[in-house]
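Undergrad: What follows is the residue order along each chain.
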Amino acid sequence: QQQVKQSPQSLIVQKGGISIINCAYENTAFDYFPWYQQFPGKGPALLIAIRPDVSEKKEGRFTISFNKSAKQFSLHIMDSQPGDSATYFCGTVGSARQLTFGSGTQLTVLP
Amino acid sequence: GAVVSQHPSWVICKSGTSVKIECRSLDFQATTMFWYRQFPKQSLMLMATSNEGSKATYEQGVEKDKFLINHASLTLSTLTVTSAHPEDSSFYICSARSGARAGTEAFFGQGTRLTVV
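Sequences listed follow chains Z and A, in order.
Reading the first sequence from the start, the letters are residues 3 to 113 in this note's numbering.
Reading the second sequence from the start, the letters are residues 389 to 505 in this note's numbering.
Chain Z extracted, bound-state conformation (with noise of 0.2 Å):
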């Protein structure tokens, strides 16, 4: 069963434009929202993460908008640049601390 799941599968955005990941869980108990980006041949990186009693985190240009309400949680990258064009994925961690990842979103910023 799929416990997050992911949106859009793929996007393309200008330069300079935001770029809006949307994910969505089931399970109330997860603690811990990661979104990790990855590039092609390489193991996945964290970008930036959140808990459930935070709505919004920011670092840089990237922002976590997180709607526990709803069990909604996005990623805003602002002024996107070609560097950013990657492969992003949102995570889930439980008591169990296991990670559970979104099914990816591949991010192509043109120049």
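Hints may be right or wrong, so weigh each one.
Derived lysine to aspartate or glutamate pairs resembling EDC-like cross-links, with alpha carbons at most 20 Å apart [said to hold, decoys possible]: (1) Z/Lys17 - A/Glu451; (2) A/Lys429 - Z/Asp33; (3) A/Lys443 - A/Asp453; (4) A/Lys408 - A/Glu440; (5) Z/Lys59 - A/Glu493; (6) Z/Lys44 - A/Glu440; (7) Z/Lys44 - A/Asp453; (8) Z/Lys60 - Z/Asp33; (9) A/Lys408 - A/Asp453; (10) Z/Lys60 - A/Glu493.
To list a few chain A residues with every Cβ distance to chain Z over 10 Å, as calculated [stated by the list, open to error]: (11) His395; (12) Leu414; (13) Thr420; (14) Phe455; (15) Thr468; (16) Glu493; (17) Val505.
Reference listing, derived: stretches of chain A covered by chain Z, where coverage requires no fewer than 3 residues with Cβ under 8 Å from a Cβ of chain Z [unchecked claim]: (18) 426 to 432; (19) 495 to 501.
These are calculated hints, taken from the structure and not from any lab test.
The beta carbon of each residue, even a glycine, is placed where N, CA and C say it ideally should be.
Fit chain A to the supplied structure of chain Z, relying on the hints for placement.
TA: Just chain A now, with coordinates in the frame of chain Z:
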């Protein structure tokens, strides 16, 4: 952030042979290590979770006799793909975590591309 080193980064082996992949935490002690498999253009699927000094816990559908995991020390875990077949060709990624507190980050290795011919 902490560094997790995975070796080799790629390997080609003949069908029927075994391949060992190493995952090392270089600057922290990893109480828990995770092994993932990723097929092209797909997400990472958790294969197993291992805690130092104990047997690994495998996810449903993962053959524990085929994918042998050893976590003998706090800095090293190994995944051995036994009697590899072409369908085992995939990108294998490990991650390591140093603690169990909520929000403790898991650090990922760079992955190993396995091709079975």
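Undergrad: Output the indices of the hints that this structure fails to meet, ascending.
TA: 1, 2, 6, 7, 13, 16
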